[in-house]
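> Which chain is which? The protein sequence lines are L and H, in order.
So for the first sequence, the working numbering puts the first residue at 74; every next one is plus one.
So for the second sequence, the working numbering puts the first residue at 561; every next one is plus one.
One or more of the hints may lead you astray.
In the SDA-like style, the derived pairs of lysine to any residue whose C-alpha atoms are separated by at most 20 Å in a straight line are [unchecked claim]:
{"#": "1", "chain 1": "H", "residue 1": "917", "chain 2": "H", "residue 2": "1008"}
{"#": "2", "chain 1": "H", "residue 1": "917", "chain 2": "L", "residue 2": "143"}
{"#": "3", "chain 1": "H", "residue 1": "1080", "chain 2": "L", "residue 2": "142"}
{"#": "4", "chain 1": "H", "residue 1": "916", "chain 2": "L", "residue 2": "299"}
{"#": "5", "chain 1": "L", "residue 1": "132", "chain 2": "H", "residue 2": "1008"}
{"#": "6", "chain 1": "L", "residue 1": "299", "chain 2": "H", "residue 2": "1065"}
{"#": "7", "chain 1": "H", "residue 1": "917", "chain 2": "L", "residue 2": "147"}
{"#": "8", "chain 1": "H", "residue 1": "1116", "chain 2": "L", "residue 2": "364"}
Restraint-style ranges between C-beta atoms, simulated for each label pair [claimed, not checked]:
{"#": "9", "chain 1": "L", "residue 1": "382", "chain 2": "H", "residue 2": "961", "range": "10 to 20 Å"}
{"#": "10", "chain 1": "L", "residue 1": "118", "chain 2": "H", "residue 2": "1012", "range": "53 to 63 Å"}
{"#": "11", "chain 1": "H", "residue 1": "961", "chain 2": "L", "residue 2": "327", "range": "55 to 65 Å"}
{"#": "12", "chain 1": "L", "residue 1": "143", "chain 2": "H", "residue 2": "588", "range": "32 to 42 Å"}
{"#": "13", "chain 1": "H", "residue 1": "998", "chain 2": "L", "residue 2": "133", "range": "22 to 32 Å"}
{"#": "14", "chain 1": "L", "residue 1": "347", "chain 2": "H", "residue 2": "1123", "range": "49 to 59 Å"}
{"#": "15", "chain 1": "L", "residue 1": "249", "chain 2": "H", "residue 2": "1116", "range": "40 to 50 Å"}
On the chain H side, residues computed to face chain L include the following (Cβ under 8 Å) [unchecked claim]:
{"#": "16", "residue": "934"}
{"#": "17", "residue": "935"}
{"#": "18", "residue": "985"}
{"#": "19", "residue": "1000"}
{"#": "20", "residue": "1001"}
{"#": "21", "residue": "1003"}
{"#": "22", "residue": "1080"}
{"#": "23", "residue": "1090"}
{"#": "24", "residue": "1092"}
{"#": "25", "residue": "1127"}
{"#": "26", "residue": "1129"}
{"#": "27", "residue": "1130"}
{"#": "28", "residue": "1136"}
Simulated from the structure, these hints should not be mistaken for lab results.
For glycine and all other residues, C-beta sits at the position ideal for the given N, C-alpha and C.
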Amino acid sequence: MTEVLQNLFWILIFPGFLFTACFGLIACWIVRKVSALVQWRVGPPFYQPFVDVIKLMGKEILVPQQAQRTVFLTAPLVGLAGLLLLSTMLWRITIEPTVPFVGDVIVAIYLMALPSLALILGSSASASPHAAVGTSREMKLVMSYELPLVMAFIVVIIKSGGQLSLATLAQQTPALSISGMLAFLVSLLCIQAKLGFVPFDIAEAETELGSGVLMEYSGALLAVWKLIQAMMLVAMPLFLVIMFLGGFGTSGMSLVWGICKYVLILVLMILIKNTNPRVRIDQAMKFFWIYCGIVLAVAILLATIGDCYGINWL
Amino acid sequence: MDKTLLIPVFLPLIAGFVLLFLPNKIKFLSRALTLIISGLVLALAIRIFTLGQADYAFPILEIGGLKLDLLLSAKPLGSFILMFACGFGLLITLYSLKSQAGNTFFGCVLLTIGGSAGILLSNHLLFLLIFWEVVTVSLYLLITTGGKGCNFAATKSFAMIGASDAAFLLGILMVWSVSGTFVISEISMATTSAIPIIAFLLLMLAAITKAGALPLHTWLPTSGEYAPASVMALLPAAIDKFLGIYLLIIIVRKMFVIESAVLSIILAAIGAATIIIAVMIAMVQHNLKKLLSYHAISQVGYMILGIATGTPVGIAGGIFHMLNNAIYKCCLFLCGGAVEEAAGTAELDRLGGLGKKMSITFTACLIAALSISGIPPLNGFVSKWMIYQGVIQMGAEQTNGAAALWPIWLTCAVFGSALTLASFVKLIHSIFLSRLPDELKDVKEVSLLQTTPMVVLALLCVFFGIFYHVPLKLFIYPALNIEPGTAIFGTWDSVLATALIILGVVLGLLILLVGLLSRKVRTVPTWYCGEVQDNEAMRIPGTHFYKTVSSMGGLKQLYTGQEKGHFDLYNQSGKCGLALTNFLRWLHSGLLPMYLTWVILGLLVILLIVCRIW
């Protein structure tokens, strides 16, 4: 019984839903504020993302006539559940590295695809032509960044000598080597695309598709999507910290260090977001498959050589 | 001596053979007979599985060193596969009870069941080959029960599988010449000299052609396009995979001891290439059944890769993937068949919005599609996860060439999984979501007899995914002599994960409820940014989703070449044969001087050789 209550507490309050959502909304505010500063604006107050979500909750839910209702309505919930599981998993590993919780790094990579998949199915169910174009673009984006992400993950596995547990991976710092650094930089771009940030906001593309995949969503459903996006802003950088930067400490200086690492990734993403124009989907695919693919092939080669001859900095 | 082993082999074979010659007017009898026999064989198969080891021997003839005994023996691997093969036979029979299929169809279903029982129980290579041929012939006959163009597809399948069967025969004879016996359990050959290596490659070719891997895979999409969906669901999706992978396991684990690194590299490369190439082709298909067939090819790659790793977790993952693949692929083909029957077409750009009309088919298809894409917590994820672990373990522990290349195998496998997801998103979008075309307004859900097998298979997908320890402990570990709990080294607490996902959905529902309490839900027309268009103009089928990929520089040429059949060995060997006959036709001009010239030239050559002038 206590175990059940414990699990409930983990997933609902800390480090699950309540904590991640609040953290995420604050991260959302950081993104908006820094973007505003870059563009010489004042930017919103810190509670703005909270207010936005609460206001959306009070709006009408509109369902398109032609939509497949069940899928349209449940897609955001499934996306939320998948992401919640992923972020709880990542936080639990951080807090208690000795206790294995739910899954290893392969599970984490697969869970990361769940919110995108839910978004794709939901928008496809809305029966809107604009959303359909968005669906196709989102799916193409997923498959384009999946290749470099997998290869970056292989670099980390080589560095760890075939370990899969997230806690073990969090103890090493691959980013301190050449191959690990290359893998880290490329996965940063993959995460950028996963979050749908400029230059990879191709699926939402406000100016041409009218927010594409999210076009028909409104009211509380849209609020759930906004929450998911905010929570992704926590989970994805945290995943990078665990994979490449030696994890997130929980006590004293290591906690401060952990926050610094997280903020570093966030600021890098915001800067990329604010200094680039949106690319076309074929450009994105070419970028991820060919350029990132080549960089990571080199990284894997370096890591293998380093592993064979015991040279840690390669 | 256990005679129960004889019944699952010969009862369906005899009954099926009789049914082939019954006139099509006797409909009820043939259906009832098939249903009863397939049910009976399933019950027997379960009994054989629970009995454990059993043997049956019946000497037939002996000429010198050639001993031909009917040796049947129930081993854990064979009998668990037999159980599932019989289960699929029963489900397909149920699915087809109401269809227009004639007695040939039902007879062949029984022949398939009997033939595969023979393969899975046989301990003698020659008998195994005979039963193997029975399954090949019944596949040929089953494909011919399809509509227009099915004869071409059947011939192509028969020619390609037949060619690989010839390789099988040659391989068996080479094995015999080296080891002096046909009895599988007595053979154990080292792959160090030329003949065993060639024999291994020939047997491997037979196994992977049956399972549908590259390079002799093209029979599968062709028959997928023309054969009935139930046939595809029974043979290429389920039983052919069972048989091919069973043979592969037997030759890799029992008959040969793989020492040469080249063989492991070949096996792993075939696996990885099959995954990627087939899924890339599947992505751009416009025909529902053809798309599913290419996925049937792609999934074999995972099984072969798992077996090629040589690690316990990889091999167990490969076998588990064979089982899982049979379950979801069979379900997908049955759903495809239901859609084709209800809507009258399998072309993706003429379908759409059927999710509202055929909700049971949609749910089953969605679960199977998510399974095949490896979405946790469904079964496809578990076996892929095990195979990935196998590849990683191979890289960490082994030192041969195949292990050094593990990043390539792993990249292909995980990336292939993402492409599979892409391809099924397109399928789900085009058939069930999107918008309903005007001509499909009156589509209705198919009958209960057809939805039941789909639902059973979809539930199995969920069950094997969440409680994956059950099938692993019951079927897979005993079959491979693996101590439970030693193979898997990753973490995946599927029960807890599922509970937490459900909890997350409930939480989402609560949030939604708050929204619903504050304001009402309103149904509105889709927003077209102010443009008013009719339904057909606003329909975006998924067929063009991945045009960006197929028009990418470099890939474009490959796709066009593939479309024209340049990479199809069947077409290419056809062209070579044509060129040869044309050459012979040119030689036979009917002119006497020409023939005389050839005769003299030939004489000169013989003289040169005999007299050794050089």
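> Less than 8 Å between beta-carbons is the criterion; does residue 985/H satisfy it with respect to chain L?
Holds, because the Cβ-Cβ distance from residue 985/H to chain L comes to roughly 5 Å (cut-off 8 Å).
> Hold the hint about residue 1136/H up to the distance rule: shortest CB distance to chain L must be less than 8 Å.
It is violated, given that the least Cβ distance between residue 1136/H and chain L is near 35 Å, above 8 Å.
> Would you mind confirming whether the straight-line C-alpha gap from residue 299/L to residue 1065/H stays at or under 20 Å?
holds (16 Å)
> In this structure, is the beta-carbon distance linking residue 347/L and residue 1123/H contained in 49 to 59 Å?
This hint is violated: roughly 43 Å between Cβ atoms.
> With 8 Å as the cut and Cβ atoms as the points, is residue 935/H at the interface with chain L?
holds (7 Å)
> Per the CB criterion, is residue 1130/H less than 8 Å away from chain L?
With a minimum Cβ separation of about 30 Å from chain L (threshold 8 Å), the hint on residue 1130/H is violated.
> Was the hint right that residue 934/H lines chain L, CB cutoff 8 Å?
Result: holds, 6 Å to nearest chain L Cβ.
> Is it true that the C-beta distance of residue 961/H to residue 327/L lies inside 55 to 65 Å, as the hint says?
violated (42 Å)
> Does the closest beta carbon of chain L sit nearer than 8 Å to the beta carbon of residue 1092/H?
Violated - the Cβ of residue 1092/H stays beyond 8 Å from chain L, reaching only about 13 Å at its closest.
> Can you verify the interface hint for residue 1127/H: is its Cβ closer than 8 Å to any Cβ in chain L?
Since the shortest Cβ distance to chain L is 21 Å, the answer is violated.
> Is the straight-line distance between the alpha-carbon of residue 916/H and that of residue 299/L 20 Å or less?
Distance ~27 Å between residue 916/H and residue 299/L Cα, so the pair is violated.
> Hinted pair, alpha-carbon criterion (20 Å max): residue 132/L, residue 1008/H. Please report holds or violated.
violated (41 Å)
In summary, the structure is inconsistent with hints 4, 5, 11, 14, 19, 20, 21, 23, 24, 25, 26, 27 and 28 from the numbered list given earlier, while agreeing with the others.
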